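Asks: Start from the sequences, fold in the hints, and give me the full structure.
Chains E and B supply the protein sequences, listed in that same order. Per the UniProt record's numbering, the first sequence starts with residue 1, numbered consecutively. Per the UniProt record's numbering, the second sequence starts with residue 1, numbered consecutively.
Bear in mind the hints are in silico, worked out from the structure with no lab data behind them. Nothing here was measured: the structure is a model prediction, and the numbers come from that model. Keep in mind that the hints are not guaranteed to be accurate.
Below are the DSS-like pairs computed for lysine-lysine, each with C-alpha atoms no more than 27 angstroms apart in a straight line [said to hold, decoys possible]: (1) E:K321 with E:K361; (2) B:K172 with E:K127; (3) B:K107 with E:K373.
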Amino acid sequence: MDPPPGVPPDNTTPTSLAILRAGGRVFDAVRISKAKMAKLFFVATLIALGAPVYFIFLKSPPPLPEVDLNEWWGPEQLKTKQDTSVRPFKLKFDKVMIKDLKERLKAHRPFVPPLEGVAFEYGFNSKQMSNWINYWAEEYPFEEREKVFNKYPQFKTNIQGLDVHFIRVKPEVPAGVETVPLLLLHGWPGSVREFDAAIPLLTAVSKDRDFALEVIVPSLPGYGYSEASVRPGLGVDKMAVMFRNLMNRLGFKKYYIQGGDWGAVITSNMATMFPEEILGYHSNMAASLTGRTTLINVLGSVYPPLVVKAELADRLYPLSKHFGYLLEETGYLHIQSSKPDTIGVALSDSPSGLLAYILEKFSTWTKPEYKLKADGGLSSSFTREQLIDNLMMYWATNSITTSMRLYSETFNKRYMSLKMDDIPTTVPAWFIQAKNELVYHPGWIMRFKYKNLINETVLENGGHFLAMELPQVFTEDVLKAIAAFRDWHKQNKVKTEL
Amino acid sequence: MNTLYLEKIINHWAEKYDFEARADRLNRLPHYKTRIQGLDIHFVWAKPEVKGVKPLPLLMLHGWPSSSKEFEKVIPMLTNKRGGYDFVFEVIAPDLPGFGFSEGSNKPGLNPVQIGIIMKNLMRRLGFDKFYVQAGDWGSQTATHMATIFPEDILGFHTNMPLSSMPISFLKIVLGSMVPTLAVDARHVHRIYPLTKLFSYIMRESGYFHIQATKPDTIGVGLTDSPTGLAAYVLEKMGVCSNKEQTDTIHGGLENLELDDVLDTLTIMWANGCVVTSMRIYAEALAGREASVVHNIPTKVPTAAINFLHEVLYQPDWILRDKFHNLVRSTTVEFGGHFAALQTPRELVDDLYASVAQFVVHHRVRT
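Replies: Here it is in structure tokens:
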């Protein structure tokens with residue numbers, strides 16, 4: 001029965017007393033001796049410390065996933081007519097497409113002005129649109145650019161049902177210089193155009209090297225001039241199989257690989273699934289999406305020097321700041337991982353829309369501070385021509401929707417449960433970390449997976465699109481890495497022979 | 001969005017949708033504009049036809065991606081005599097600033113709390129110091145803030161998307177997962193638990209929320225420029241919010257709404273070029289602390305909740321009461337979705353009349 005309102009509760013009622021007495025008897029029965037308490041406390045501490053130690057250092061890795069080298073991604077009816085030829089290819093910006101593009105650009109609906117005092121904090125500033133539209137519709141030299149792109153030898157070949165487009169540049173070498181193959185993989189919203197400046201540098205012959213690089217630069221399936229899968233399932237692990245098959249098709253049983261963005265993840269999967277074939281792995285976006293890494297990062301926030309060198313601590317800590325930054329910047333990732341086809345409609349219909357969506361990334365991912373600049377900092381690190389070159393790879397081929405599907409094919413239960421980042425590889429690895437790259441993991445954490453991580457180059461400048469922004473720095477590092485991989489193999493050969 | 005289905009919708013919009021007739025239809029209700037705090041606010045103002053029955057002022061607030069058009073069907077039902085009730089409504093249904101025919105702000109900061117203030121000033125401009133509110137989606141968020149900031153002026157709040165955003169409420173939901181049937185009536189357990197399923201659903205469906213809350217101007221360029229793009233984007237959400245169990249169908253839930261209503265919604269957005277200003281409400285709501293501070297303050301304004309089956313989020317009454325101390329009525333039904341005034345107008349009106357009757361009683365008892 002409730003006491004009448006206004007009267008304070010009375011804890012000496014018969015009911016309360018009975019409860020207290022019963023509680024007291026229970027307490028007496030389980031009263032624990034001081035010694036037992038100490039033991040319990042010790043065991044609890046052991047578990048509290050031991051659990052993370054086990055999880056971080058002792059847990060065994062998941063098994064390698066099963067690999068189907070012949071999974072078919074093209075139309076069913078083509079399965080019987082497999083074509084393994086490698087055909088030369090030249091891309092074409094046809095007049096009808098160009099005319100339509102210009103019309104759409106010029107006939108755009110009025111853009112909504114940005115809020116007062118805002119640069120790129122709410123996203124792409126529409127005041128910048130007229131500049132870009134003018135350039136793209138009136139100044140961009142379509143024909144000339146087409147000629148420039150076609151200067152590199154390009155090919156197409158059908159891998160597992162899909163035509164894969166790639167650039168292949170093989171240098172002329174004097175006697176005594178060995179050509180070694182290097183697969184270069186781009187990501188989103190990039191394309192083969194990201195490597196335009198780097199390719200001549202990478203394939204240069206030099207007296208200081210006893211090797212020269214032959215580069216194979218494909219468009220990812222569903223991007224640019226590579227065909228897209230017709231059925232679900234083509235995530236980064238399956239693309240790794242496709243590119244392994246591509247390299248084999250071209251006659252390479254062993255080769256080097258390099259990647260950034262999705263390219264970094266695909267090449268990482270190749271190093272994990274085909275270690276006998278990969279001579280070395282270079283990445284400009286080393287990432288580790290494992291429980292272990294998260295646990296280490298969280299525990300480390302108590303005392304960051306345990307996890308990361310003092311001068312690099314701000315690339316990871318404070319966690320709240322970095323988490324906030326990721327939250328602010330991953331809206332695109334969220335929608336592309338869940339509804340790529342929805343957002344794809346607008347972006348394939350409106351070149352203005354596509355431009356704003358993609359260039360926003362070239363702004364923020366190059367330098368977060370560019371968000372505060374009126375032009376998004378887009379003129380600071382790239383030329384307009386470069387940026388439109390890349391956009392054309394999406395617009396001319398109408399591939400924006402299929403490119404975004406890679407997110408939903410990878411960020412799903414199927415792929416994430418493979419826990420690829422938890423499976424170690426002995427393939428020698430080398431990472432370069434740009435100042436403004438989206439993620440940073442100290443080398444020792446990456447070594448849980450990359451047992452033979454030879455080096456991590458840390459830059460005080462540069463952003464996500466490193467090969468495009470700093471082609472010299474990028475190339476130098478890749479060449480150093482390959483030289484180091486070659487040494488590593490020589491030494492290991494000696495070791496096994498001894 | 002399934003692009004094969006989209007093709008059909010686009011064809012209908014381009015070839016069959018009768019723009020003039022639909023505009024005429026909307027114009028059957030009286031429309032006005034007035035300038036509040038620097039912004040032209042458009043609103044429908046429907047006075048009851050009936051004589052001798054007390055008109056109660058009712059402010060109706062829509063959400064995203066909607067407008068005052070959402071209430072087109074219910075307004076005539078609310079302004080006409082209804083058996084068993086001795087009152088009728090005088091309806092004021094505005095477009096939120098940045099939506100429909102209302103001007104959007106050119107300054108950062110127009111969050112739902114501030115929109116609530118604009119709405120309060122609108123009602124005062126029209127001669128109403130005290131009034132009832134009916135709302136869903138962002139309208140409900142706005143009205144929740146109004147009920148917190150102007151408790152003496154909101155006579156009653158009826159919502160079809162009731163939400164307590166207090167930390168204690170979230171904690172209760174999480175703790176409730178240990179014994180779900182203790183937290184929620186057994187019939188409604190599936191609306192929240194298991195939490196993993198709810199989380200999965202939210203993750204799958206909230207990409208638009210995430211991008212609108214962070215980069216509305218980026219995505220806005222494409223959506224302003226391409227009507228097809230706008231259609232795909234908006235219709236996908238209208239579909240899944242009308243029925244969340246139909247993502248395996250080609251229409252994704254959209255066929256729970258009338259095509260004309262859907263195209264009205266799209267046309268209003270397209271004609272006013274307001275997708276960007278409408279999406280900014282997400283960014284503003286999550287920027288700064290104003291909204292969360294107000295969310296944390298409970299209100300004694302008498303509140304009534306109706307929970308349709310496919311509404312995006314559900315909270316049991318005891319959790320709603322963290323925020324709404326006088327939750328006088330709560331109904332949970334086994335049909336309907338997010339756009340109640342479009343999908344289930346009669347049921348919404350029935351519940352609204354019954355709720356307001358209870359608000360009236362609530363006030364009578366207290367005086």
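Asks: So which of those numbered hints doesn't the model satisfy?
Replies: 2
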